[in-house]
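Following the hints, put chain Z in place on chain D, whose structure we already have.
One-letter residues, chain by chain:
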Amino acid sequence: MERVTPMSDTAEKVKKIVVEHLGVEESKVTNEASFIDDLGADSLDTVELVMAFEEAFGVEIPDDAAEKITTVKDAIEYIEKQKAE
Amino acid sequence: MFSLEGKVALVTGATGGIGAATARALHQAGATVAITGRRAAELEALAAELGSRVIVAPADLADPAAPAALVEKVEGEGGSLDILVNNAGFTRDMLALRMGDADWQAVLDVDLTAPFRLARSALRGMMKKRWGRIVSIASIVGVTGNAGQANYAAAKAGLIGMSKSLAQEVATRGVTVNVVAPGFVKTAMTDALNEAQRTALLSRIPAARMGTPEDIAGAVVYLASPAAAWVTGQTLHVNGGMAMI
Chain D
147 MERVTPMSDT AEKVKKIVVE HLGVEESKVT NEASFIDDLG ADSLDTVELV
197 MAFEEAFGVE IPDDAAEKIT TVKDAIEYIE KQKAE
Chain Z
64 MFSLEGKVAL VTGATGGIGA ATARALHQAG ATVAITGRRA AELEALAAEL
114 GSRVIVAPAD LADPAAPAAL VEKVEGEGGS LDILVNNAGF TRDMLALRMG
164 DADWQAVLDV DLTAPFRLAR SALRGMMKKR WGRIVSIASI VGVTGNAGQA
214 NYAAAKAGLI GMSKSLAQEV ATRGVTVNVV APGFVKTAMT DALNEAQRTA
264 LLSRIPAARM GTPEDIAGAV VYLASPAAAW VTGQTLHVNG GMAMI
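Residue numbers (my numbering), protein chains in the order written: chain D, 147 to 231; chain Z, 64 to 308.
Hint data in this document are derived by calculation from the structure and do not stem from the laboratory.
Since we're looking at a predicted model, the values are computed, not measured.
One or more of the hints may lead you astray.
What the hints assert, rightly or not - The calculated EDC-like cross-link candidates involving lysine to aspartate or glutamate, where the alpha carbons are at most 20 Å apart (straight line), are: (1) Z:191 x D:210; (2) Z:192 x D:223; (3) D:174 x D:188; (4) Z:192 x D:166; (5) D:219 x D:206; (6) Z:192 x D:191; (7) D:162 x D:223; (8) Z:136 x D:201; (9) Z:191 x D:188; (10) D:162 x D:210; (11) D:159 x D:206; (12) Z:191 x D:223.
Looking at chain D on its own, in the form it has when it is part of the complex:
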């Protein structure tokens, strides 16, 4: 059986959180999808998402970093970078 790499593990978890929090179809949550423009999130949703990521991955996402996380890919990359450090 193919082993799941750590990278796809993070991506999968991020997407699952996005699906749960925003109540959107899994197929819509692509890497390029913007939380606000494509997935219908409002500003409060984005704060909630960041808090959910912090909780799920045990990382701290300061406000200036959170502002730059606008797409699914941004979130995955930021979390992976934090975990690698």
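Below, chain Z alone, put in the same frame as chain D:
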């Protein structure tokens, strides 16, 4: 419509007149009630009176770390925190000319900053559950002002502005944020008045009597209940008609 069965409420300042009456009223409506204050013995006495569905959590809200720890304790022991009643407050009255920075700051810390910290901690869980109630006890003087109470009136006016802002932030999440502004209620705080002051006061109240802690508790229960789901960012004045605003 007014049942709070299955809900967990935190009441700060539960050793005071209004706080204890509010805790009793929320408990009577079916809520599990977490009571906090600085005097542990009085909290234990109130807990013994209420019997079941009580969490005793002594805390000093002047401590900046206390609010978050308090919310964590209630969520841990009660399973959730659905209703926050910011009731704790104290006065340090004097004319502004004589009011030192410490007198100003001490009142602001406990009467305004602690409620903000509690609300910030409590909102997280409420937003997740898409249900929550924050009710802060302000005062008529937060709207009318009162000589000798620049610090207290500022803190109480601050609660109103804070509540309106929070209400707008979280309205889409089923969380309401409101204020109850009592007029002159018979508590230890107003027992300090002398007879002449009391007579002068009563002449300004159309209902011709001081309020009771229960008069205030009823307003809190209403705002905490499912019946008040569409009421948010409001200040409910409960003052016997003393100020109609």
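Verification of the supplied hints:
1. Z:191 x D:210: Outside the cut-off at roughly 23 Å; violated.
2. Z:192 x D:223: With a Cα-Cα distance of about 29 Å, the restraint between residue 192 (chain Z) and residue 223 (chain D) is violated, given a limit of 20 Å.
3. D:174 x D:188: holds (17 Å)
4. Z:192 x D:166: holds (13 Å)
5. D:219 x D:206: holds (18 Å)
6. Z:192 x D:191: Judged against 20 Å, a Cα distance of about 14 Å means the pair holds.
7. D:162 x D:223: Given pair residue 162 (chain D), residue 223 (chain D) holds - Cα atoms ~16 Å apart, limit 20 Å.
8. Z:136 x D:201: Within the cut-off at roughly 18 Å; holds.
9. Z:191 x D:188: Since the Cα atoms of residue 191 (chain Z) and residue 188 (chain D) sit roughly 15 Å apart, the hinted pair holds (cutoff 20 Å).
10. D:162 x D:210: Answer violated: residue 162 (chain D) to residue 210 (chain D) is near 24 Å, above 20 Å.
11. D:159 x D:206: Holds - the C-alpha atoms of residue 206 (chain D) and residue 159 (chain D) are around 17 Å apart, at most 20 Å.
12. Z:191 x D:223: violated (25 Å)
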